[in-house]
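**Student:** Model the placement of chain B on the given structure of chain A, informed by the hints.
First to last, the sequence lines map onto chains A and B. Just so we're aligned: the first sequence equals residues 217 to 433 in our numbering. Just so we're aligned: the second sequence equals residues 142 to 560 in our numbering.
Possibly wrong hints are sitting among the right ones.
[Stated by the list, open to error] Derived CB-CB ranges, DEER-like:
| # | chain 1 | residue 1 | chain 2 | residue 2 | range |
| --- | --- | --- | --- | --- | --- |
| 1 | A | Arg-427 | B | Trp-482 | 22 to 28 Å |
| 2 | B | Gly-478 | A | Asn-250 | 41 to 47 Å |
| 3 | A | Ala-256 | B | Phe-208 | 29 to 35 Å |
| 4 | A | Glu-273 | B | Gly-426 | 47 to 53 Å |
| 5 | A | Arg-418 | B | Arg-267 | 35 to 41 Å |
| 6 | B | Gln-195 | A | Ala-266 | 55 to 61 Å |
Don't read these hints as lab results, they were simulated from the structure. C-beta: ideal position from N, C-alpha, C; glycine also.
The residues making up each chain are set out below.
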Amino acid sequence: MAAAEDDVVPPVPPEAGRAPPRPELHPGMPGLLNEAEREALAAAREDGLADIGHLPEFGFGETASPERIAAWDIDIGPDGEGLPPGSGSVERGETLYRLQCVQCHGARGEGSQFEALAGRVPGDRFPFAEDRRYRITVGSYWPYATTLFDYIRRAMPQAAPGSLPPDDVYALTAFILQLNGILGPGDSLDAESLPRIRMPARDRFVRDDRRGGPEVR
Amino acid sequence: MAKNRDSGGLPSRRELLAGVVGTAAVGAGAVAGAQQGESPKPRPRAPEDPTKMQGLVPRPLGERSAFETPRRLVRVLEPSSSSRTPLQYLQGIVTPADLHFERHHGGIPNIDPERYELLIHGMVERPQTFSLADLKRFPAESKLRFLECSGNGGTAFQNQGRYPRMSPQEMDGLTSSSEWTGVPLKLLFREVGARPEATWFLAEGMDAAVMTRSVPMEKAWDDAIIAYAQNGEPLRPEQGYPVRLFLPGWEGNASVKWLRRLELSDRPFMTREETSKYTDPLPGGKARMFSFGMDAKSLITFPTFPERLGGPGWWEIRGIAWTGRGRITRVEISTDGGRNWEDAELQDPVLPKCHVRFRRLWNWDGREATLMSRATDETGYVQPTRDALLAARGSYTRYHYNQIRSWRVESDGQVFFAG
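For reference, chain B alone in the conformation it holds in the complex:
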């Protein structure tokens, strides 16, 4: 059952089926799902006329309306190592921190921030440790950026057409966007006197896997962040509390969480994650190593399974698009299975390396239709069809599955994943 445990967090179909199809979706006909192992609760009650009684007093900590119960999707049949964001539940571009996907390799460690230290050594003039207070004292920067596991979408890619009852959460829930705050890594590297001959650095976590990845120094001199906050508050434990590396636009695994050590070197370290795991087999007997960048991708989040449209007429097709190579410049929508494409509207702000929200009004005539979205980024890269990706990578390549997804709307309004 657990053979795939480390394939980028991809659960098997049986594991997924044992979970739940998703959470309450937007619009009419939403399916209210009982979530993993929780028994369905009775629907909350509200007064007939709320204007006829005083409301609640202020509370020190807010919570969602009792009518809103979004949940991450966690595998249930084994000790799990990932959970998925309910993409079909969300609006806008910011993922609430408690719904941000998780992926870890040795569980979530419990770290006392007062004892936290970041060690930087190797090819530096002055090896140093930094406390959390030290890190927070440096000039900070904040960026809204997506984070995606490079295994995201693998089940859909490798099982073409076999699982029509798949929600965006099940299929692609290993992507989220947040505002990340921290210290530019280049500032720390200047402090310790990073030597010009350093070409790579090792990032090491403080979890039970003491997880490591090698990262090119170029990323440090560009936009890498040593992050200690997410959406305005300290990182959540599952996101690396108290400190994580954050590499905008790159596969999530390289943004090492619970970061304890950076070692500069003139060669990569060839850790388990970057050799046996996060490499992409290619046709012709090769595998791509250090494939960090996330290519442009888009995903319709409404209407999608398990949604059922209430009838013909106006519906707004909605979704998210993102690219690790800069900005999304265009998203097109097809409602006829890819024969005709029309531009979707991109919602401001269109930020680099961040989820972008797209929308397009659709006057559904009540007949069967196939919906697709296709993103283009500022480098001119166009999100490929599944066939194009297969030709370039092979049927069973692992990681980086950004092919166009399609959704079939049946004449009764029920929507299914269509490959």
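Bound-form chain A, shown alone:
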């Protein structure tokens, strides 16, 4: 399984794929820890290590070389970390989309056998808890454009997952963003421009505030 993947996605040396300089993460991004959360994590770490403090260090397993890591390390961060070299245009993306994606997602990303990709809510409102007329799409709901690249590269197209080279993934990402009115027809994407795209729904997401206790949230 891993070998097959290695054949189609050449390993990228760990440093080569980094887009310089990495954009800052936006401060409201869920999952960035505040001071209190950092302290809680440090305490949890201490407790966890204390739980296993009576056990020796075992030394089982093998050291993983940088090449070994690179063969599997395909994830893209919301700041663009991990994006490979290459680029792709909306125009090329449209050609690829017609060949690879139309059958499941419809000619203009309206959805067919599988989910819709394109569509915005008027005024970029976010009414999904209370109004079922609007569809959850890349343009109406996805907070980060990098996620699109990451997912297409790892899992699409359905008949040959993980088979698309980086240029094709950039092109398809660009075309789907254009279908959502986020890029123009003449645009292209690469490791520098992709993480700078601000998605319409980026600031809609909040951390989980449920903590148990009597309140229903």
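**Tutor:** Below, chain B alone, put in the same frame as chain A:
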């Protein structure tokens, strides 16, 4: 037809109807259902007097009585991505491994355990790979814990009162409990020298979706398990064979199956599953992200649709309750639509983050009645009414549907889901 394919595995009503209402239920009047696409088999035969002939000899692999044919409920109208546990068929708290629900995003991969490796890298002192033999050599731990898909119950929540002919399996069959065995993740993280500044780790599967979720490091230092066994035997392929992540009490999707890689970082990775999928829209134009914990929930499993009670008299109301936040401390039963509540008996063992079995005897007078159950957990959280959940989350929120369920017993004994 497939628009909802990824909404936590929630099939549409038409898809469900094309399947089957459930499996043979307990007690009298059980409906023996033909299952998805299988033609009904003639009833097995048994000798008039089994004491007058020698029985079967021992066999290398056991199987169920020919009279017992429980089945998971699989959607039939498209390539399916989930199957549901026949909750109304089960007793006790352990789900047989072959009846444990499934949910996957790229099918079930076929993985050779001898070539299996788990890679741990990122913010660690020593990036490493571990073979299956390496993992099994570490000190092991076993825990009985539930696993529930956070989309469980969505069809019932979003279609209030429209589908009375819904069994517990159809409604809530995306929850199961098992004994999970594996290595505490904190032990592996200590081995590789996890750096204190790591706040999240990425878990990645070896399926066709190469599915990924970001998990807070706090869970690793607490009770996360790298599991390779379930109910005493190696994991079933559909449960992540040979190795899965298991995060007790958290939504099932985060317990990544067919686990191949863990990458430690100081930020979440914002994967497709945790952004476009497993997030909960809230009133006021927001959506909750990283909503891992499963709130307290209970479900009556008998009497329920498609059961028909054989007549007035004593019946035992039975069900399961669970919470991702520790132990269930109380389950109450109402037989009058929520006006009066009485405590059910909790069956030992009452384990944290595990299905708990509850029971209460009921002397049915033969008149129409509405049965409900309500769980409370050790944090003081009480399973909410549907109205309370609607007020907090909105009518069309996705995931985490733990509202009180009710069942209407009609005067002829027939039981229907009542919202």
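**Student:** Indicate, hint by hint, whether the structure satisfies it.
**Tutor:** Results of checking the hints against the structure:
no., hint, in the structure
1, A:Arg-427 with B:Trp-482: 22 to 28 Å, "holds, 25 Å"
2, B:Gly-478 with A:Asn-250: 41 to 47 Å, "holds, 45 Å"
3, A:Ala-256 with B:Phe-208: 29 to 35 Å, "violated, 53 Å"
4, A:Glu-273 with B:Gly-426: 47 to 53 Å, "holds, 49 Å"
5, A:Arg-418 with B:Arg-267: 35 to 41 Å, "holds, 36 Å"
6, B:Gln-195 with A:Ala-266: 55 to 61 Å, "holds, 59 Å"
Consistency note: the structure conflicts with earlier hint 3 alone.
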